[in-house]
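Could you build all of it, start to finish, from the sequences and the hints given here?
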Amino acid sequence: MALRILPRSFYSRRTVEVARGLLGKVLVHGERQGRILEVEAYLGQGDEAAHSFRGLTPRTRVIFGPPGHAYVYFVYGMYYCFNVVAEPEGVAGCVLVRSVEGHGDGPGKLTRSLGITVEHYGADLTHGTLTIRESSRQHPFAIEVTPRVGIRRSADLPLRFVLRDR
DNA sequence: ATACGGATACGG
DNA sequence: CGTATCCGTATT
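2 is the number of the first residue of the first sequence in the numbering used here; add one for each residue after it.
The hints are simulated quantities; they were obtained by calculation from the structure and are not laboratory data.
Derived DEER-like restraints, expressed as beta-carbon distance ranges:
(1) R138 x R14: 18 to 28 Å
(2) D166 x T58: 32 to 42 Å
(3) R138 x G78: 33 to 43 Å
Built from N, CA and C at the ideal position, the CB exists for glycine as well.
This is the structure:
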């Protein structure tokens, strides 16, 4: 049974709502997939940790574009991080995926395990080989909210969301 | 606590 | 140009 791909409207909402909504959804790349267990929101306003804070640049343009696309960046010389663009077109906001079930904890580890690279920069997550889908497993869970990991600026904002099984 | 290693943004 | 910084990871 094919899992339903999340529609564009899912992503065209406030970044925090998209972040919370992504927990428990299934990130699919070809044959590899897993439930999203941990995410962080990066806001378009008042968030100095967000790459989009400095405005629209070649690197950040996709964050300002239409929702439901992938923002992938290369960091620390060896890792890719996978983000999902939220908010309506023209408004910045994205969600960093930090943990995917079966692919380990840590944004660099899960992209390596799932085979996500910079070639997925700007990829449309509502079509193609890289998608996010509903889970077949729909049992309830709690969401733990904490500050984000590994940042210096705007470090106190409660924008990390972790799925906690009930 | 630190090495790793490359892209990016920004100042000159 | 140089250089500080960076949404990490593995190892000490």
